[in-house]
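Chemist: Sequence:
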Amino acid sequence: MGNWGDDVVTAMRQRRRERELEPIREGYAAAAEVSIGEIMKTLDRIEAKVDSGEKLSADEKVLRTELHALRLKIERALQDFWTDTYDN
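Count the sequence shown with our numbering and you get residues 1 to 88, in order.
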């Protein structure tokens, strides 16, 4: 028996071969939501400190900058992948 991740990938490949794209879109959307969600939780925590007037540590300042950039990269990459793969 394979692991859960392998089963999901196998199912998505099968659906793609069968041109059933809605489950694939839902899978990618769920993965993106989890990734973006975790990034946003951390950013929200940092932004709450900023809003309350607390000073950020040097690490938090770097993390804040890097996570904003990472979030945008993930969103763009997912959009580009979807467009290139399924909208053509």
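Calculated from the structure, these hints are not laboratory results.
Incorrect hints may appear among the rest.
[Stated by the list, open to error] Have a look at the derived ranges for each label pair, beta carbon to beta carbon:
no.	residue 1	residue 2	range
1	10	55	46 to 52 Å
2	87	57	25 to 31 Å
3	86	62	32 to 38 Å
4	74	19	24 to 30 Å
5	51	6	20 to 26 Å
Bear in mind that the values here come from a model prediction, so they are computed numbers and not experimental data.
Don't be surprised by glycine CBs; every beta carbon is placed ideally from N, CA and C.
Chemist: All hints, please: hold or fail.
Modeler: Verification of the supplied hints:
Between residue 10 and residue 55 the beta carbon distance is about 49 Å. The supplied range of 46 to 52 Å therefore holds. Remark: the range hint 25 to 31 Å for residue 87 to residue 57 is contradicted by a beta-carbon distance near 43 Å. At about 36 Å, the CB distance of residue 86 to residue 62 agrees with the hint of 32 to 38 Å. The supplied range of 24 to 30 Å is met by residue 74 and residue 19, whose beta-carbon atoms lie about 27 Å from each other.
At about 43 Å, the CB distance of residue 51 to residue 6 disagrees with the hint of 20 to 26 Å.
The structure fails to meet hints 2, 5 from the earlier list, while all remaining hints are met.
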